[in-house]
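First to last, the protein sequences are chains G, Z and L. Note that our numbering has the first sequence beginning at 52, numbered continuously upward. Note that our numbering has the second sequence beginning at 5, numbered continuously upward. Note that our numbering has the third sequence beginning at 39, numbered continuously upward.
Since the hints were derived computationally from the structure, they do not count as laboratory data. The beta-carbon is built from N, C-alpha and C at its ideal position, and this holds for glycine as well. Do not rely on the hints blindly, as some may be mistaken.
Stated by the list, open to error - Partial list, derived from the structure: chain Z residues whose beta carbon lies under 7 Å from chain L:
hint, residue
1, L56
2, G103
3, A107
To be verified - Mimicking DSS-like on lysine-lysine, the simulated pairs with C-alpha atoms at most 27 Å apart in a straight line are:
hint, chain 1, residue 1, chain 2, residue 2
4, G, K156, G, K248
5, Z, K77, Z, K116
6, G, K60, Z, K77
7, Z, K77, Z, K109
8, Z, K335, Z, K304
9, L, K131, G, K286
Each chain, letter by letter, is given below.
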Amino acid sequence: MTPAESAAKFRARLRNQAPAALALLPAAIVVAVVYVGSMLMTARLSFSSSHMLPTFDWAGGEQYSRLFDTERFVESTQHIALFGVLFIVASLTLGFLLAVFIDQKVRFEALFRTIFLYPFSMSFIVTGLVWQWMLHPELGIEKTVRAWGFAHFTFRWIVDENLVVYTLVIAAVWQASGLVMAILLAGLRGVDAELWKATKIDAIPTWRVYWSVILPTLGPMLTTAAVLLAVSVAKLFDLVVAMTRGGPGISSEVPAKFIMDNFFGRSNVALGSAAATMLLVTVVAVVGPWVYFEHFRRKGVRA
Amino acid sequence: MGAVSIRDVSVGFGAVNVLSGLSLDVADGEFVVLLGASGCGKSTLLNAIAGLIEVSAGQIWIGGRNVTWAEPKDRGIGMVFQSYSLYPRMTVEGNLSFGMRIAGKPADEVAKRVARAAGMLHLEPLLARRPAELSGGQRQRVAIGRALVKDADVFLFDEPLSNLDAKLRNELRVEIKKLHLELGSTMVYVTHDQVEALTLADRIAIMDRGVIQQFAGPREIYRRPANRFVADFIGSPAMNMFDGALEDGGRRFASPQGSADLSAYEFAGAARPARATMGVRPEHVAIGPAPAGHAALSGKVSIVEPMGGETVLWADCAGKPVSVKLDGETKAKPGDDMTLHFDPAEASLFDAASGARL
Amino acid sequence: MSAAAEPAGPRPRRLTLSRVGVYVFLVGASAFFLLPLWAMVLTSLKPMSEIQQGDLFQLPHTPTFAAWSRAWSHACTGLACNGISVGFANSVKILVPSVVASIALGALTGYALAFYRVRGGNLVFAILLVGAFIPYQVFIYPLVRIFAWIGIYGTLTGIVVIHSIFGLPFMTLLFRNYYSSLPRELFNAARVDGAGFLGILRHVILPMSTPIVIVAVILQVTGIWNDFILGLTFAGLANQPMTVQLNNVVATTQGTVEYDVDMAATILTAALPLAVYLVSGRWFVRGIAAGAVKG
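Turn these sequences into a full structure, and let the hints steer you where they fit.
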């Protein structure tokens, strides 16, 4: 290639690519500063002894050993594990049932769909406050059921150290199972009508078709829903703040709240950073494989 | 001035080279068709000419200018795409004038050129409509019009008729041919349809796996295919192929179905390999006793396919199905024994190993 | 045997036991989803005395909107007692520029990624995708320091920037996927016509983007309105959004707790996203599907 041609080639590439590169600059900066930079800085701070302000000294793994000696954090992880398992299983189950029942060519289908999904449009703060009120130990469901004639009915989970996590599960399932329903319903509607005809001819009972035929084909959608739910488990913060404030005592504390409290309330920047890093590692371990399979192996990122 | 010259062009996607070292010269005013199955590289070549794909090596010249690294708009080309690709939110007029408006052409000139293109393609009543309000045929006419308004020296067509039904395809094919006669511009036309290629082209470039197999006029391609690939690709039903051997230093061809005297056959070169394949077009096979110099075959009729104007008859000759294209109708019916014959001068001989024409 | 004895015509409609079961389940589930909303509305319409005596679902004797107006203009959100209307105004001030900025940036990035092969573009996209799944807690403290250093911490600009940043992954994904589904030939046709990067975007791509912009607006309006943690951390006291103020209203425990006011404030905060959801209906679901199924 002659120098003149090389120059022409360079100019052509520049003309073509420069505007697009410029357009991607803000995203590149966000990626560099926020998604990579801040993440690394958080990880770095977790190895320092920062209290109120960040310092970049080296304290080794001190914060991590402190973290796992902190009852509040250890309990937080136990709460979130219990919450996570129950919330994901319950939301998937309820969402699947809602989708299947709505798929029975029922009347008022649109109305039912609207009812099941509306909580998802509301914030966790609103959700938390609504359920805080519903579960009010004196004026909530307990009193209502007693008014129906069950004089000794008690329902005080929200103030019970051992049961408060379950109330978070109830509120979160109420908010999120409509999402699962919407995702799975889209999958059910994608099931080939021929498949239904074939199972009709073979006289397979409906429930059996759902269990053995439909459920496996919904696999990718169930996985997607499960990942979305899992991500919201890791992010669980607003709901706890609004509904229980971590109480009674520390019996509904969760890691995301522990981190925020240490950053902004307790001036324990290094300890908060260590907890945040642990959260990051957990999320990457759970979501990483899924992102890889979903976006990189199957389709590739290319347009 | 619209001669197109492709010089040693290579195009690669990642590690895969779709085209490597391809050369092709299209004369000014010529209608060249790039013909091949999907994935043969014909569309890639066209996109490279248009400047929509970057070449990894070689040069592209249009109208005596090296445009290898020029922007598509600066190459003096107009392009018509397979899926119409009309801007959905613009009217027909907006679609036609978009390029000129981008280029900042004065309004009166834009109007004049739009009117001229619309006139040539009978689009005047449609100018205010949106693409969604047009039929498939109308859309493709607008797409052609969009190329036309540019006063381009070279028109590039990327399978422009493949989305249309058979009847519309024939109509538009005639229209494109008329347009070429009227404008006298260079046209490069990509298709996988051999009928389009044979009817439209001054010359056809048949491509396979990124390589031009033959570049010649339609008659030449049909009658003297350069190799087995071309022979198999062109013609319907496909050319009858007999595997056999050359004997007597190339004076005779012998196969299980029969033998042929090659004294009237024009060999393309000096090569006389032992193993060869003889190809005969179905319309060159006749029924009845063989005249002098013709090769004779005997067979049993297996299927008769009447096609209206002509009839295709399939005969089983020593285990090989042979197709015969007959004018009009025939009384032959399955099970009949008959003699077939053809003139070896009309046949094609290929090297059994390389597939090249002998 | 006459033909009339054979079954013919449509199958007679029957209400089988299993059909009844389907409806029982759906109605029961509807109760679970609707009752909290119903209790909330009833509570907000009752005076405190009735709330203390009655139960959740007891209808108010004389419905009153007194709690609503108290919540709107007099409820205490911390030290100040100017009602939730302040938060509403703040949320609107945050919402409008954040929605516009995040969608504009997402559309531009998605367009560049879908139609151009810029070196490093795929890496940027991959990191954005992964970043969308990581909790804010991982980034939030360094960002606070960076924002304070630039001087936009605790300002309206700051909260708008932060919403644009955290909206970027999903908006980019949304627009990139949508643009990738458009025929590439259309883009090529515009290039042959001589349009450049911005010309193609403005004249060809954006006019075709209405459906995806609607989806993006719905997602961002509900998402940003419902945000709590970013508003709490980055907006500053003067710009606290409605969710943060609502939480303060309920958390403020001076004197007797006014459940009627709390519930009224909650309804007022939920009203906008709920209205968006009810009005947009299928578009809302489409947004979820676009994000969940493809993403």
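Consistency of the hints with the structure:
1. With 7 Å as the threshold, the beta carbon of L56/Z comes within range of chain L, its nearest partner Cβ sitting at about 5 Å, so the hint holds.
2. Hint on G103/Z holds. Least Cβ distance to chain L is approximately 3 Å, under the 7 Å limit.
3. Interface hint status for A107/Z: upheld, as the beta-carbon distance to the closest one in chain L is roughly 5 Å, under 7 Å.
4. For a cut-off of 27 Å, the pair hint linking K156/G to K248/G stands: about 15 Å separates their Cα positions.
5. A distance of roughly 20 Å separates the Cα atoms of K77/Z and K116/Z; the hinted pair therefore holds under the 27 Å criterion.
6. Proximity of K60/G to K77/Z is assessed by CA-CA distance (about 16 Å); at most 27 Å being required, the pair is judged to hold.
7. Only pairs whose Cα atoms come within 27 Å are accepted, and K77/Z paired with K109/Z is accepted, the gap being roughly 14 Å.
8. Restraint check: the Cα-Cα separation between K335/Z and K304/Z comes to about 14 Å, which is no more than 27 Å; the hinted pair holds.
9. About 26 Å separates the Cα atoms of K131/L and K286/G, which keeps this hinted pair within 27 Å; it holds.
Violated hints are absent here; each numbered hint is respected by the structure.
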